[in-house]
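J.: Residues per chain, in single letters:
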Amino acid sequence: MDKKLSNSLKYNIDYIKYIFSDCGDIVYRDFFAGCNMCLVYVDNIINNVAVEESILTNLMNRSDMRGEGDSFIEKSLLEVVSVKDVTKIYTFDDIVTAVLSGDTVILCDGANSAIQASTKGFPTRGVGTVQTEISVLGPKDAFNEAMAINIVLIRRRIKDSRLKLKRMKVGRKTKTDMALMYMEGIVNKEILKSIEKSIENVDIDGVYDSGYMEQLIEKNYKSPFPQIQITERPDKTASSLLSGRVALVVDNSPYVILLPAPLNEFFQSADDYYERWEIMSFIRFMRYIGAFIAVSLPGLFIALAVYNPSMLPVSLALKIAGSRQNVPFPTAAEILVMEIAFELLVEAGVRLPSPVSSTIGIAGGIIIGQAAVEAGIVSPVIIIVSALTAICTYIVPNTSFTAGIRIFKYIVIFLSSFFGLFGFWAGILILIIHLSSMESFGIPYLYPFCSSSENDYSDLKDSIFRLPLFMLKKRPVYAKRDNRVRQSGKEEK
Amino acid sequence: MFSSNNKISVRQIQVLIFISGFASCFTVLPRFLANTGGNSGFIIIALTSIIVSLFVAFCLNAFEKSKKGNFKNIVESLFGKYFGNIIYFLMTIKILVSGGLMLRILCEVIRETTLFKTHISLTGGIIIILCLYSLKGGIEGFGRLGEIIFITAFIPILIIFAPAVTDTDYTNILPIIDIKNQNIVQGFIVSLCIFFGIENIFMEYSFVNKIKNVRSIVISILFLGICTSVVYFFTITRFGAETASSKLFPVIIMLDTVEIPGAFIERQFIFVIWAVIASAFVFINSSFIFGITFNKNKFFKIIYSIIIFTFCFIPSNITKTLEWFYSVNIFGGIVFGVLLPFILAIYCIIDRRKKH
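Protein sequence lines, in the order shown, are assigned to chains A and B.
For the first sequence, this note's numbering gives the first residue as 1, with consecutive numbering after it.
For the second sequence, this note's numbering gives the first residue as 1, with consecutive numbering after it.
No wet-lab data here; the hints were simulated from the structure.
Honestly, I wouldn't trust all of these hints.
With a Cα cut of at most 20 angstroms, we get these calculated EDC-like pairs of lysine to aspartate or glutamate [to be verified]:
hint, chain 1, residue 1, chain 2, residue 2
1, B, K7, A, E454
2, B, K136, A, E218
3, A, K175, A, E145
4, B, K7, A, E190
Make a model of the complete structure from these sequences and hints.
T.: Following this line, the structure appears as structure tokens:
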């Protein structure tokens, strides 16, 4: 549909009307301002003040404007239309894209070009507060659904001309706007190229959220672990950009995609850098321990209680055996039932208003749990194991990552139920093999716990422990090899 | 981007050498060496590690300077494509058979310690499936896997090992130099051929990325030698050479029975079995990786699985398995780990001098 505009205003309007037939929200405003003109825009997604004051009033008040054709368009563009961003367009395709993007198109009789005036005025909510990555000390502002606002929030934090932005559109029908942001000179060009290629390869009719893009551009789609990080924090995005990562801002989504994203990134929260390193190192360590417990505890309990009770201290083994005396189900079945009950409880509570979800939490956690123990269906130790697993599952500050933990937990339970301690370690081995074979845009997923020699082991300083900020002198391995020094007192490249 | 290049770093190869060596150390070495080296076995290991490291350094330097490419290319260059392929195939078979026998040993360890009633075909099958699954990450994934296993399996073992210093009877090792009844030369051969897996080192070195470093390989061999020497020392001090040679898996028993003061678990076997499973897995998987260097075809992966699985079940019991393992590695080790690399190194040196 790369059809060029004609000289006839009537023909152009008719053709646009034909394209937008049965679209009641398209407005055609005919007027005379030295020649016959017409404005085309979509109702309610434009900024009315801009259209009225910067286009209509200016054009109609200029008594000296006479003539027609391209010269008239050129003069209007330079002298009359006072909108901040105007461009000349020549095809119907450009007109359709401009109109649907919230811009106003100015057509003029005798001209085979038109003016695209930026008058976007989508209804948006203001800058809200962080909902999913809450920090105690850090900034509270969060991204919202408007891409322009999200870009501003990032630019506000990095006042450097080397912060580059590439605009693109994805989705054959939705034509969703996206902005690929990176720091020139810091970003690794190969990684950037690979990301751009992945985005260009997306061929879908519609993209409605960054979650769509996350799934469409990640390489290992069979893995339950995310290889792409999403965040609603502008400060985290800014710090990631300065680390050499790439940010993809998707219009209509309050989450920005950060790439690449190895496992270590999912264990970091914004607060890690706003509070003292000692306590945050301890918390970071606890997150890793928690993640391991979440994957392994139920399986390990089955292996030890059913197959190898001799490995437990005698008193503990007797206590466990005593608590299970009247329970009619095997240990593995008990654990499975409790884990599935917990999954249902989470799913039931997560999308409900908070008063209802807390009621479900009380009903499920306390009433059913206590009742099940008293009825002798489940042993109290199993409740402790399930509760501890549940707490540890959500200790990781990234909900996408917890999905992987939840799925692998069942693999370990399954193998432990059939093969005891061997099955348990086989499950852990599967997990390690799986994670070792994964990559996120060329970066090993388990980096910096493996391959860390690539950046002289400096990335280990911000992994299980977070060392003092002054010791984090180098940028991570994602950054361009010759520009990895963050703190040195020397002039940056 | 530094991955997706089918290469591993020097650190990764160091870790793989260490873990593969430890698989033998956990399962077969003390028993074999106690029979031949007796109380002096730990000195034999230390001395052998020095000899091996010098030999490996000599060969690798010669290979590198010749600029003929990887180990396979050098074999083909000397013996011609046809015979070179046959020799390389025989070497692959030796390593696959070793892998199969190690799989059997691992299955027996599991049957002896955790799964008393489960048939070893099930445990063996699971390990083979895990090996095949890990092949999807290629040599890079294998290198990374090695690093993670090193962190997760060997740090707990070190923690377990520390109390062994106090919880042992040092009189059992006396007399330290006991050469009356022992065959020291045989001890050296056992240590050299079974323990260090020299042919694996040459094969793995072919995958090292652009920053090659023979010194790092030497360091890892020496480090492995020291660690194994310490393990052997404590095994003998705990049981005495005679008892150690009669026990099936003396190192595992030694590690399991060390008293850890104030430990939550009654026996630290949970960590020990992880180290054994993980290290044996790396040993077996090395066979697959080596096989892939011979032929990457999917069909060959199935053939390799069948060879490993078959040799896991051919020996009728664990004693026979250990005998097989001993014979295959002594013969194969001398031919493919010592003679072949030595001939190749000499060829590379002569060839280089001719060109100059």
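J.: Compare the structure with each hint and give your call.
T.: Okay, the hints, checked on the actual structure:
At most 20 angstroms may separate the alpha-carbon atoms for a hinted pair to count; K7(B) and E454(A) meet this at roughly 13 angstroms. Proximity of K136(B) to E218(A) is assessed by CA-CA distance (about 17 angstroms); at most 20 angstroms being required, the pair is judged to hold. A distance of roughly 15 angstroms separates the Cα atoms of K175(A) and E145(A); the hinted pair therefore holds under the 20 angstroms criterion. For the proposed pair K7(B) and E190(A), the alpha carbon gap of about 18 angstroms is at most 20 angstroms, so the pair holds.
When held up to the earlier numbered hints, the structure conflicts with none and fits them all.
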